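With the hints as constraints, model all of the structure from the sequences given.
2 protein chains.
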Amino acid sequence: MASKWGPDFAIRGSLNLTRRGHSILFSSRPVYFQSCPARAFTSSSRLRNVSNAATSRSEIPLGLFLWKRIRQLGVKSVMGLPGDMNLELLHYMKDANLNWVGNSNELNAAYAADGYSRIGGCTGVLLTTMAVGELSAINGIAGSYAENVKIVHVIAATGRKAQESKAVMHHTLGSSPNHRIYEKMSAPVRVAHCYLDDEKTAATEIDRVIHECHIHSRPVYIYVPVDMVHKPISTSSFDEPLLISRPESIEEARIKNSATEEVLSAIYSSKKPILLVDSHVLQFGAKSLVRDLAEKLQFPVFCPFMGKSIIEESKKYFYGTYNGKFSYPGVQEAVEDKSDLVIHLGPLPTDMNTGGFTAKVDPRKLISVEETRVIVRGKVFEGVYLKSFITALLSSLNTNKLPGPEPLTLPTPPTPTDLDTTQITQSYLWPRLGRFFRDGDIVFADGGTTHFGLQDATFPDITYVMQNHWASIGYATPAAFGGALAKRNELVEDEAGKTRGKGRVVLITGEGAIQLSVQEVGSMVKEGLPVIIIIINNGGYSIERCVIHPDAGYHDIATWDHNHMLEFFGVPDGVKRTHQVHTKDELETALELPEMKNPKGIQVLEIFTDKMDFPWRLKAFGRAYRDMKGQ
Amino acid sequence: MASKWGPDFAIRGSLNLTRRGHSILFSSRPVYFQSCPARAFTSSSRLRNVSNAATSRSEIPLGLFLWKRIRQLGVKSVMGLPGDMNLELLHYMKDANLNWVGNSNELNAAYAADGYSRIGGCTGVLLTTMAVGELSAINGIAGSYAENVKIVHVIAATGRKAQESKAVMHHTLGSSPNHRIYEKMSAPVRVAHCYLDDEKTAATEIDRVIHECHIHSRPVYIYVPVDMVHKPISTSSFDEPLLISRPESIEEARIKNSATEEVLSAIYSSKKPILLVDSHVLQFGAKSLVRDLAEKLQFPVFCPFMGKSIIEESKKYFYGTYNGKFSYPGVQEAVEDKSDLVIHLGPLPTDMNTGGFTAKVDPRKLISVEETRVIVRGKVFEGVYLKSFITALLSSLNTNKLPGPEPLTLPTPPTPTDLDTTQITQSYLWPRLGRFFRDGDIVFADGGTTHFGLQDATFPDITYVMQNHWASIGYATPAAFGGALAKRNELVEDEAGKTRGKGRVVLITGEGAIQLSVQEVGSMVKEGLPVIIIIINNGGYSIERCVIHPDAGYHDIATWDHNHMLEFFGVPDGVKRTHQVHTKDELETALELPEMKNPKGIQVLEIFTDKMDFPWRLKAFGRAYRDMKGQ
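Heads up: the protein sequence lines correspond to chains A and B, in order.
Residues in the first sequence are numbered consecutively from 1, following the UniProt record's numbering.
Residues in the second sequence are numbered consecutively from 1, following the UniProt record's numbering.
Any given hint might turn out to be false.
Below, in silico cross-link-like pairs of lysine to any residue (SDA-like), each with a Cα-Cα straight-line distance of 25 Å or less [stated by the list, open to error]:
hint, chain 1, residue 1, chain 2, residue 2
1, B, K619, B, Y328
2, A, K161, B, V361
3, B, K325, B, K365
4, A, K184, B, K365
5, B, K611, A, H91
6, B, K360, A, P177
7, B, K166, A, A187
8, A, K296, A, R373
9, B, K166, A, S427
10, A, K271, A, Q298
11, B, K94, A, E592
12, B, K611, B, D551
13, A, K166, B, A624
14, A, K184, B, S175
15, B, K166, A, G378
16, A, K231, B, D551
Just so you know, these hints were derived from the structure itself, not from any lab.
These numbers were taken from a predicted model, which means no experiment stands behind them.
Written as structure tokens, this is what we have:
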């Protein structure tokens, strides 16, 4: 069918046009795409099509147009569920060279799209049906909004006539239903939306919301009335590249320069500077830039809770986690008291990320590099954007003027008292898992004890995903599925054999958290993805047990037999692929198995721990949380 | 702990007070409670507490107050998931003699509360945490809104100070988060809500939203800031009963009388009347009233698609399903052409319920008895309520004046051509399942082929639950769990040994539909509920395969091995409790097994059918749907 609609389009290699008053930042190595998908568009095989694309003036159906535009973002897999209203839209996906995934439910699909975006570096895309589908997904989309993950949610709606006549279709509410009411429900968890009601404006509208998605790094919604799917749309806008970077005005450039000068001046005159590398560095795609900066500065680096893994932990200037008063001894003093300058990159001042709001740096010595502004010792530079600013800082930095601070001397962390047991304790478990990880691994951690426990692991150079701000339990299983899919998509094209392509995908979850979204294990099996699933079985919802009334029955959950999980999801030798360990010796043996080191297919490792044994950070947080609830 | 807060309260046996200008309809046999829970309040053991309750003037914590008030509605089990913000609220549940269920995820919990309400006849109650919990549940709540099911959704929110300071807590959105934004998102799927911000108004607010829940038969939201949970609240409002019936003004009574006269006059003068018994009869609790009415009238009765099971199908005046042009031969003519009066009780004119809007009765011969009005041959009586009107009609009806119409003569339905195969065909399967059902059974059907296929089964006197208007695939598994729990709660108290207490709970779902919400099978296992799970395995999403492009890959789903499902969810002899059948002989053998006839515990029956074999009604609907999408 592809030939019917003309040759596939490919984005041109290099552009520097002006459109609607904006300079277009898309180039042969676009800033946004630097992490991975740009390869697809700069390879010679793709470039061969450029002249065709530039001169073709055909029309294609709206549905196909939408998917082709999405494919141009580097997206290869689309999450979602089929539904009667989206079937016709679905049908054009193949012709746009997109892979339809087909998840087990819509919330899982949204989580998977989020994981896909975080690992793939491109937009996560989700297709659902109106009402039942989009509302099932909404908590996942809200998480992407909270954590600045790029998602395009495509929703197939009823036809325009049915909408106008307020037909009482299935999936509608009440006797004279507004078919667009759901769009109002999702308003707080997106930055833009459009209804593709008009074939004349559809192309512009699609481009507009994709632009908004990328500059804010947050979800957008595209509603497609089912009767619009086959309408012919001109492909002429394919000649213009998608505007996916934020345009910078002359005034903004001036402010950025002022901010850069001010920051450099503060850096050069400091004697005991500290660098804090935080969560928004990841979300706004500045990880490698910040690594370069840290390497140049050689300042002592701490990562707040959610910044973990952004800086390579083997670096001699890396000193661990800074989490206010819930840090190891000496850390809070080193950051807050003994420094004369604190550069905080990408701060996300949530309760958990600040040790229950106990992390407090004196504003008079603080440089805060945020999503849309830089604050230097109380002086605010608005409209300065994180990634753009760090790029400018890097290029202006004169390493000869840097202070060269002394290495820090921190007290030795307290030695756990329970290291000699045969049982697997929290204090033993998490550092051990840190040693299990390898460079290039991708680790998804669900929001239970794992987030707290893994802070005590020293990581090799892994990609670590934790949804700790939105903190929706059950997120990690589908997200790991999405991440594993993005990784596989990438591997197929990774001819350079980079390290990052070689790691494993590891999901660490609890026997409670996995229950919320377990069916996406079935999707991993369906796709043949070699995910290592580590289930920490501590007999209930430990994270909540630790907050209040630890013995209460409501912390208990249904007891599943994970030995049969893979069998149920269709793996005939599932029991052989499942290991259950109760002691340290058993754990050591399991972690050394060849199938755990280099999995050829899915693997399950269930680790049993005592239900009253909590990571120390979780205990501290539980206490703080009780005080913090506004009482 | 109960003693600390004084004796348990019980609603007084009989009341006829006036409060806020409303007459209170609550009596020793309240209209609303007639289906079941009233028993709890009228038994002598409960009445012994009345004098205590009437005179006690103690204060109890707000959390306990809320649960006690909910317990007074006849609710015994509360669905939901624990979360850090709702733990303190959860802790008071036991003292109110409520059973905390603990579901596997929040969407499932919402579905389960819906099923609990439909079977228990009382309100379904759901407790979640703010944001992640409530948004995960929202599609289930929307379904309850669409289908007029009573739900109280209690949400534990952050404390008031955190809300006022816009603290960046986990579960919040953005840098200066409005903690109440989620309340705006759910506005279209509820009829009332309150924030329990003030201990002085909390009691009144709780009563107000419970009242709204009951008179509209739709969901309400109660938000509890976590710092309010322990605030002392006076129990004095316990002296006044909950206002859960709609008060009737003198003017409304007058209009109702006029409508009754007009309807009686039309009935007495008719010669070929038809009675249509439709979905809202169920939702507004008028099933037994309507059965009485049908018995008195002895008019030919048809049930639209969603009205199936309301009328006993063994009655000689019952003639089957009326679904516009997707009815058996002769049905549409009998209803629309050959009648001179059509009384349509509880209409719900959705696309599926009207054969794709092809069911059309001439308004000049139509009496439509709707939720809040009666229309007699085009004359509208506003403010006349379904249940109240049918009660009035029954008491005014003079059976001597009834026309006594001739029995209908309808063509014999077409004989399926594939009855002789050994394979299990759609034409064979559904009538056979109809014969498997017994009086008193409760059958939950998921929204795939089952809704269409079961229309061809003749039912004994069962309770049949299908969520066909909202049509959210995956609904039935958690709903069946909720229904089975309500049934068990009821059984404990059923000293009279009524038939309805003796039936089985049967879930019929597809191998596609069950994937969306499968973890609630684990909840059935945890609670030891003897549900019979029948999985129709037709190799994908057949309902969508039938709509468009039947061979497309996106109709396929992950292949699970249901033989291991129960084992995974913790049933050691799960494989023995699972039967998989491919032929009619195997099906016959399985349906006759003692464990299927009288299950002592959970059972699974997986029935394999051909993926291109669809129920005839689904095929017809698929065709109509393609035409109906507003194109």
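Now for the hints, and whether the structure bears them out:
1. B:K619 x B:Y328: holds (14 Å)
2. A:K161 x B:V361: holds (23 Å)
3. B:K325 x B:K365: holds (19 Å)
4. A:K184 x B:K365: Cα-Cα ~40 Å, so violated.
5. B:K611 x A:H91: Roughly 19 Å between the alpha carbons, so the hint for K611 of chain B and H91 of chain A holds.
6. B:K360 x A:P177: Holds. K360 of chain B to P177 of chain A sits at ~20 Å (cutoff 25 Å).
7. B:K166 x A:A187: holds (19 Å)
8. A:K296 x A:R373: holds (23 Å)
9. B:K166 x A:S427: violated (35 Å)
10. A:K271 x A:Q298: The given pair, whose Cα atoms are some 13 Å apart, holds under the 25 Å limit.
11. B:K94 x A:E592: violated (47 Å)
12. B:K611 x B:D551: holds (10 Å)
13. A:K166 x B:A624: holds (18 Å)
14. A:K184 x B:S175: holds (22 Å)
15. B:K166 x A:G378: holds (21 Å)
16. A:K231 x B:D551: holds (24 Å)
Of the numbered hints given earlier, the model fails hints 4, 9, 11; all others are met.
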